[in-house]
Amino acid sequence: MHIPDGFLSPQTYVPAYAVCAGLWVLGMRRLRARLDEETLPWLAVMTALSFVLMMVALPLPGGSTVHAAGIGLLALSFGVWMSFLAVSLVLAMQALLFGDGGITALPVNALAMGLAGSMAAWWTWRGLRRTNESLALFAAGWVSMVLPALLVALVLGIQPAIAHDTAGRPLFFPFGPEVVLPAVLLPHALVGLGEGLLTLLGHRYLTRRRAQPA
Amino acid sequence: MNNPFADPGARRDRLALLAYALAVLAATLVHDPRWLAGGLTVTLLLAGSGAGGLLSRVLRTVLPFNLAVSMGYLMLAWLRTEPPWQTLLLLNLRVLLLTAITFLFVRRVNLFRALGFSRSLTYLLGLAYSQALTFRRAHEDFRLALVSRSPRRPGLMDRYRVSAAAASWYLEKALAAARESAQALRSRGFFDA
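Heads up: the sequence lines are chains C and R, in that order. Start counting the first sequence at 40; every next residue gets the next number (our numbering). Start counting the second sequence at 505; every next residue gets the next number (our numbering).
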């Protein structure tokens, strides 16, 4: 789902950075009240966990691989703002400390995966938990993967329309939504099943373990 | 707490962060392949004796995605009977340049020092980074363990089982690490006014 550097136009990533910076400040302010010797290590360690979950590649029949992200798990365990900040931190770490992923793509990925993905997971879980808790957790994980994929695909798909030369040739990502939407959404609908399972099992496990005294 | 602005190393790293941001912006505002190729040459010259290694790492990183995009675009251009070369050259040079600038920045600058203006942010980044390194090493150990213990190439189910075991181990390790860090912060009075 990550967009590498060089495929997003400045018309896209500059406003995305402006929006993201505002939300990072807002998120840090909201979190500061909750930041103590319990929550700070939790946020750091869950950030690292999300980072490594993105490295656990699950093989698909046919030779390709996909990976989970743990966004649903983070959102349900720590709330939307902490999840947004943790995912942003993962993306920043990947780009700036491990040289993996794009710095121009960071705000779009953070908004899509960290904010929209976390909000979608949270509200799906809130909406369904009275009906069936397991279904709510699974659906929260699935939607936290598919909605960001849809948003990322749309952002990529509009690039030829908003950034092209006088001859109409694309200057950044060259495919329109008719190509990129099915190419991105179909695999992620499948990956979302794994993310749903991870959210269901991981959330139950964490809830049980956090309830235990240290 | 030390004033990070008084530390010349921190000041240099913060200036490097600013220069990096400006270089990235410039690389996306320029649409002439000659300028992008010039930028790539300058970046490699700045890398000095590490230029070969940097270029090799950049190529290995961008190859899968760029190859897929370039082949797709080549096919699309062929169907539309358009010459694809200028677009392909521009796209690939831009991606190479941006990735090379990032890798050079990562190699040369201490990001922890550059972000030293916030104690919580530095601590959060440091803890997350050290945990990520531990997990990354463990991830490689899990992969090697599967390969070394399998007489044949591991099947799909073997790899699923190892992934599940690894995820469970990461969760256990994360819980233990969070508890240890909380105790360390409490014992050092990190949040005491």
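Calculated from the structure, these hints are not laboratory results. Only a predicted model underlies this, so the values are computations on that prediction, with no experimental measurement involved. For every residue, glycine included, the Cβ atom is placed at its ideal position computed from N, Cα and C. Please note that a few of the clues may not be correct.
[What the hints assert, rightly or not] Covered, in the sense of this in silico footprint (three residues per stretch, anywhere, with C-beta under 8 Å from a C-beta of chain C), are these stretches of chain R: (1) 532-544; (2) 575-581; (3) 587-597; (4) 602-614; (5) 636-650; (6) 675-682.
[To be verified] Computed beta-carbon distance windows for the label pairs: (7) C:V58 / R:L593: 43 to 49 Å; (8) C:G215 / R:P655: 44 to 50 Å; (9) R:D536 / C:G61: 55 to 61 Å; (10) R:E644 / C:T205: 46 to 52 Å; (11) R:P655 / C:P226: 50 to 56 Å; (12) C:T246 / R:L578: 23 to 29 Å; (13) C:G61 / R:A541: 33 to 39 Å; (14) C:R68 / R:M661: 44 to 50 Å; (15) C:G166 / R:D536: 35 to 41 Å; (16) R:L549 / C:T205: 19 to 25 Å; (17) C:G215 / R:G552: 37 to 43 Å; (18) C:G215 / R:W589: 36 to 42 Å.
[Stated by the list, open to error] Examples of chain R residues lying across from chain C (beta carbon under 10 Å, computed): (19) G556; (20) S672; (21) A686; (22) L689.
Margin query: Taking 36 to 42 Å as the stated bounds, is the beta-carbon spacing between G215 (chain C) and W589 (chain R) within them?
Written below: Taking Cβ atoms as reference, G215 (chain C) and W589 (chain R) lie about 20 Å apart, which means the hint is violated.
Notebook entry, point to check: In terms of beta carbon proximity below 8 Å, does the stretch 532-544 of chain R have 3 or more residues touching chain C?
Noted result: Result for this restraint: holds, n = 3.
Note to self: Would the hint on S672 (chain R) be counted as holding, given a Cβ-Cβ threshold of 10 Å to chain C?
What the structure shows: This interface hint holds because 8 Å falls under the 10 Å limit.
Check: Quick one, is the A686 (chain R) hint okay against chain C at 10 Å, beta carbons?
Finding: holds, 5 Å
Note to self: Looking only at beta-carbon atoms, does the pair P655 (chain R), P226 (chain C) fall within the given range of 50 to 56 Å?
What the structure shows: About 32 Å separates the Cβ atoms of P655 (chain R) and P226 (chain C), which means 50 to 56 Å is violated.
Note to self: 37 to 43 Å was suggested as the range; check whether the CB atoms of G215 (chain C) and G552 (chain R) agree with it.
What the structure shows: holds, 42 Å
Item checked: Cβ contact check, 8 Å cutoff: the stretch 587-597 of chain R against chain C, three residues minimum -> n = 4 at 8 Å, threshold three: holds.
Notebook entry, point to check: Should the hint that D536 (chain R) and G61 (chain C) are 55 to 61 Å apart at their CB atoms be regarded as holding?
Noted result: violated, 34 Å
Notebook entry, point to check: Any CB of chain C closer than 10 Å to the CB of G556 (chain R)?
Noted result: violated, 16 Å
Next item on the list: Go ahead and decide if the range 44 to 50 Å is satisfied by the Cβ distance of G215 (chain C) to P655 (chain R).
Entry: Hint holds: Cβ distance 48 Å, inside 44 to 50 Å.
Item checked: Check of the stretch 675-682 of chain R against chain C for coverage (Cβ-Cβ below 8 Å, three residues minimum) -> holds (count 5)
Checklist line | L578 (chain R) and T246 (chain C) - C-beta distance against the hinted 23 to 29 Å | finding: Since T246 (chain C) and L578 (chain R) have Cβ atoms about 50 Å apart, the given range 23 to 29 Å is violated.
Violated hints, listed in ascending order, are 7, 9, 11, 12, 15, 16, 18, 19; each of the other numbered hints is respected by the structure.
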